[in-house]
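Trainee: Under our numbering, read the sequence shown as residues 1 to 206, first letter to last.
Worth flagging that the hints you see were computed from the coordinates, not collected in a lab.
Take these hints with a grain of salt, some might be off.
Listed below are the simulated DSS-like cross-link pairs for lysine-lysine, each with C-alpha atoms no more than 30 Å apart in a straight line [as the list claims (entries may be wrong)]:
| hint | residue 1 | residue 2 |
| --- | --- | --- |
| 1 | K136 | K146 |
| 2 | K116 | K100 |
| 3 | K116 | K152 |
| 4 | K100 | K172 |
| 5 | K78 | K116 |
| 6 | K116 | K136 |
| 7 | K152 | K172 |
| 8 | K100 | K152 |
| 9 | K168 | K136 |
| 10 | K100 | K110 |
| 11 | K110 | K146 |
| 12 | K168 | K78 |
| 13 | K172 | K78 |
| 14 | K167 | K110 |
| 15 | K168 | K110 |
| 16 | K136 | K167 |
| 17 | K116 | K168 |
The structure presented is a predicted model; accordingly, all values stated were derived computationally and were not measured.
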Amino acid sequence: MRLLCQRLTSISLALRLSYTPTIAFSPLPFTETDTLNLTRKSLTSQRLYSSKDSNIRDNNIDTAMSTESTNDEVAAAKEAAAAYKLSSEDKAGPATVFDKILSGEWGSDKVYEDDKALAFRDISPQAPVHILVIPKVRDGLVQLSKARSDQKDILGHLMYVAQEVGKKECPKGFRVVINDGEHGAQSVYHLHLHVLGGRQLNWPPG
1 MRLLCQRLTS
11 ISLALRLSYT
21 PTIAFSPLPF
31 TETDTLNLTR
41 KSLTSQRLYS
51 SKDSNIRDNN
61 IDTAMSTEST
71 NDEVAAAKEA
81 AAAYKLSSED
91 KAGPATVFDK
101 ILSGEWGSDK
111 VYEDDKALAF
121 RDISPQAPVH
131 ILVIPKVRDG
141 LVQLSKARSD
151 QKDILGHLMY
161 VAQEVGKKEC
171 PKGFRVVIND
181 GEHGAQSVYH
191 LHLHVLGGRQ
201 LNWPPG
């Protein structure tokens with residue numbers, strides 16, 4: 001009997017040592033507040049991704065429009081260069097849209113005028129402010145590289161007018177551009193200065 005009790009005691013001890021209790025975890029209650037918080041997080045995430053997608057789309061559209069505008073300008077410059085080369089032996093060039101503006105045949109949004117120069121807004125602006133400054137008398141000044149030594153005064157005057165217009169229209173800064181020849185994307189063979197501004201301009205230009 002004593003031996004039987006000892007064996008039962010040993011078996012009971014062994015069972016206790018080998019037994020590993022299983023603890024059951026029940027999920028915490030999911031409240032209405034938790035649901036609202038998750039919904040808010042989901043909507044915020046959707047707005048962020050939607051905003052990013054919208055920005056990407058806008059940038060792609062701006063890039064496409066800029067590329068299309070650049071391609072149009074280059075094509076117009078090539079046509080103008082061909083017309084200029086075929087125009088006359090004295091290389092004065094054919095009549096241009098600027099002649100029509102100067103004669104009053106065509107209207108313009110004028111921003112400055114004196115006895116030597118005229119400044120008006122470009123009808124196809126490449127910036128919030130895009131103004132053209134031209135000499136009233138072309139006198140063979142079809143492009144900057146064709147300027148004669150006796151035309152230094154008018155060249156200086158055009159630059160002076162450009163800065164007057166620029167500082168008035170673009171107090172935070174502006175850019176003055178002169179396109180020269182086919183590779184310079186010149187589309188009108190009557191010297192003109194572009195005054196560009198009204199936003200942060202990039203560098204380098206195209």
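Trainee: All hints, please: hold or fail.
Mentor: Quick rundown of the hints versus the structure:
| no. | hint | in the structure |
| --- | --- | --- |
| 1 | K136 x K146 | 17 Å, holds |
| 2 | K116 x K100 | 17 Å, holds |
| 3 | K116 x K152 | 13 Å, holds |
| 4 | K100 x K172 | 33 Å, violated |
| 5 | K78 x K116 | 29 Å, holds |
| 6 | K116 x K136 | 6 Å, holds |
| 7 | K152 x K172 | 29 Å, holds |
| 8 | K100 x K152 | 25 Å, holds |
| 9 | K168 x K136 | 22 Å, holds |
| 10 | K100 x K110 | 14 Å, holds |
| 11 | K110 x K146 | 26 Å, holds |
| 12 | K168 x K78 | 33 Å, violated |
| 13 | K172 x K78 | 34 Å, violated |
| 14 | K167 x K110 | 16 Å, holds |
| 15 | K168 x K110 | 14 Å, holds |
| 16 | K136 x K167 | 22 Å, holds |
| 17 | K116 x K168 | 20 Å, holds |
Taken one by one, the earlier hints fail for this structure at numbers 4, 12, 13, listed in ascending order.
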